[in-house]
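Novice: Each chain, written out:
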Amino acid sequence: MDGVTKAGRDASRPARLPGLRRALAPLPWLAPALLLVGAVVLWPVVEMVRTSLLDISSSGTTLGGAGAANYTDLFDEPDLWPVLGRTLLWVAGVVVAATVLSLALGQLLHARFPGRRAVRWAVIVPWAASVLMTALIWRWMLDNDSGVINRVLLDLGVLDEPVNWLAHPAQALLWMMGVAVFVTLPFTSFVILAGLQSIPGDVYEAARVDGASGWTTYLRITLPLLRPSLLIGTIVNVINVFNNFPIIWSMTQGGPGHATDTTTTFTYKIAFFDKHVGESAAMAVVNFLLILMMVLLYLRAVRRPGARA
Amino acid sequence: MKKQFIGVVAAGLSVVLAAAGCGKGSASGDDSDGKTIRFVAAIYDDNTKGYWDALIKDFQAKNPGYKVALEMVDWAQMDRKVQTYVQTKQTPDVLNYNAFSDFARDGLIYKASEVVSPQVLGDFTPTFVAQAQYQGQQYGLPFISSARLLFYNKDLFAKAGLGGPPATWDDVKKDAQKIKAAGATGYGLPLGPEEAQAEFYSWAMNNGGGWVDASGKWAVDQPANVAALTYLRDLTKSGVTQPNPETTDRAKVFNQFAQGRIGMAIGGPFTRAGFIDPVNKNLNFGVAPLPSRDGKEHNTLGVMDVLAAFKKNGGKNREAVRRFLDFFYTAQNTSKFLKLEGFLPVTKSAGDALSSDPYMKQFVDALPTSKFAPTSNPAWSAVAGAVKQDLGSAVSGGDPKQVLTGIQRTAEKAG
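Line by line, the protein sequences give chains A and B. Mapping of the first sequence onto UniProt numbering: position 235 corresponds to residue 235, and the numbering continues sequentially without gaps. Mapping of the second sequence onto UniProt numbering: position 46 corresponds to residue 46, and the numbering continues sequentially without gaps.
Since the hints were made in silico from the structure, they are not lab data. Even glycine gets a Cβ: it sits at the ideal position worked out from N, Cα and C. Hints are supplied without guarantee of correctness; some may be wrong.
[Claimed, not checked] Examples of chain B residues toward chain A, derived with CB under 10 angstroms: (1) D155; (2) A158; (3) A160; (4) G164; (5) K388; (6) Q408.
[Unchecked claim] Here are some chain B residues the structure puts well away from chain A; computed CB gaps all over 12 angstroms: (7) Y51; (8) T127; (9) A181; (10) G192; (11) P193; (12) D221; (13) A227; (14) P245; (15) T247; (16) P278; (17) Q332; (18) S356; (19) A382; (20) V403; (21) A414.
[Unchecked claim] Computed beta-carbon distance windows for the label pairs: (22) A:F288 x B:K62: 48 to 56 angstroms; (23) A:R112 x B:P243: 48 to 56 angstroms; (24) B:P243 x A:D155: 15 to 23 angstroms; (25) A:L34 x B:Q77: 50 to 58 angstroms; (26) A:W127 x B:S356: 52 to 60 angstroms; (27) B:P243 x A:L290: 33 to 41 angstroms.
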């Protein structure tokens with residue numbers, strides 16, 4: 001407390017020290033969180049970048065620096081570009097489909113009807129179940145000789161013979177995207193439901209008085225007011241879907257070959273199949289930068305027009 | 001306020017330290033007296049852990065002061081865990097694994113002569129000693145072995161009007177077609193990412209092919225291999241295999257084999273206890289040599305797992321490791337493990353007991369002519385990884401020559 005009085009008296013240094021003090025005052029409360037963020041978020045990133053610059057032998061022994069060799073190895077992989085393209089398709093497809101479906105589902109859950117409580121619970125279930133479990137169940141449902149989906153389609157006469165869905169890259173990717181949408185729905189629709197419930201009723205009343213149709217009301221009032229919820233939902237989903245490992249790994253292992261790999265499974269395969277840890281870390285760095293870029297682009301795109309609205 | 005500040009920072013720091021600490025804590029055992037060792041064992045089946053628990057209890061009773069900390073790891077997790085152990089310098093003292101040569105190359109493990117008695121060293125069957133060497137020195141300790149033969153369903157063969165098992169590739173195709181006509185799958189071909197390298201090598205070696213040429217250089221895309229893969233692709237295209245071999249694993253093939261829905265498939269000594277008996281104990285099947293292209297010479301795929309002992313704390317752990325390994329390699333303890341798990345012996349002394357079982361005897365007899373993957377080459381694990389990922393695509397639309405050339409490139413890059 002000595003410093004404050006001194007500074008107060010000294011006219012030549014007007015209140016600079018107390019200002020600094022005030023700025024630092026929250027530090028004791030923030031420090032644990034900052035330290036944790038440093039340990040849990042920043043340190044792994046540093047470690048990842050460091051590993052990508054090391055020469056690590058197949059046994060896991062560090063042999064020294066590698067310069068950019070891991071990155072040139074990575075960009076020499078013939079599978080890299082198809083994998084990157086597929087990853088973008090995977091993220092965009094799953095997030096768009098999940099968001100559109102969630103808008104409808106959110107609206108349904110928002111409506112008043114008997115048994116609404118039960119329906120809300122039912123929507124949460126896929127969220128509560130482990131993603132790995134859900135993916136495995138789907139994998140077995142899609143199995144070509146004991147799967148229930150083939151059985152049903154055969155019995156209905158839609159198919160003449162069982163189809164090995166997960167062995168064909170395009171079909172496999174579509175099914176996996178379906179599973180990803182399925183597990184993404186609960187979170188997204190509840191974010192949207194929360195958004196819907198935060199819209200005050202008098203806005204709609206005013207719209208009705210002005211004679212706006214249901215569709216116009218939705219486009220002009222509901223959607224714009226849902227923007228914060230959609231923003232949060234989309235960013236969280238982009239990151240989640242981008243990094244999703246269990247669905248792809250348990251359903252196809254990214255195969256046949258690399259035909260259904262995304263960057264996440266590709267990173268894993270480089271490290272533990274090709275035994276090339278350094279190159280795998282390089283892939284992880286690229287992955288990280290991609291996510292960062294996508295989120296920043298998205299934030300810019302969404303912020304620009306009438307950010308204050 | 002000052003006190004609070006320090007308290008909060010201290011609390012924060014201790015959280016961070018604890019988080020960082022658990023990364024290292026379980027680690028190196030630098031503080032140990034060299035009498036406690038960590039043993040990472042692979043899970044072969046439900047019996048494995050019970051076996052090691054009992055063995056370790058027995059070992060500790062007979063060697064007072066020495067302790068073995070057991071850690072069981074599933075095969076599916078093994079590669080990832082082992083790589084992490086090495087990378088984070090948390091290697092176990094003894095590891096049960098299927099590769100050792102890159103550890104030897106990087107100077108991480110003891111030579112065999114440093115960690116077992118001369119008596120144990122002399123007891124290993126020479127075939128396996130040759131497989132356990134890196135640059136002329138034995139580093140790996142042969143642990144278990146197995147051999148692959150052709151399994152065929154006698155009932156399906158009778159139904160299709162076939163006599164005995166096929167000897168040539170042409171026979172395999174013809175027989176498979178007849179079995180298909182009789183309403184089952186002719187040949188079960190697992191080229192999925194689980195063990196594609198074993199299935200493929202079983203065919204390639206019976207066409208004079210292999211992973212390396214006579215001088216030991218990688219020769220993955222040699223003509224004999226391309227011909228073998230083209231033959232497998234041809235089997236697939238003609239529809240006598242199960243659909244989509246490129247995504248099928250062994251477990252699925254043998255599950256269907258046990259149900260009597262597949263005529264032929266390649267399996268090992270563990271196939272009966274591990275895959276067939278749990279599904280159908282009464283399956284009428286026979287075991288025959290692997291078919292070869294010309295039907296003259298029949299090679300068998302041999303597989304060996306090893307124990308490797310890691311150097312730690314400047315050799316302080318050596319005495320404890322040696323005691324433990326010598327204890328395991330007594331005839332009684334090894335043969336007990338082999339019987340329990342259905343594997344073949346790697347030591348002369350444990351050998352004869354298994355030959356009394358006629359089923360097992362066929363595999364024991366096949367061992368002398370068996371060929372192994374080049375596990376003494378440090379690049380092998382990377383090559384096997386590439387084969388697992390990519391080989392299957394050659395039968396699903398890819399070009400065999402191109403796929404093998406791609407794997408050859410990986411092999412050369414890895415060393």
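Novice: Which numbered hints are broken by the structure, listed smallest first?
Specialist: 1, 2, 3, 4, 6, 10, 11, 14, 15, 19, 20, 21 and 25
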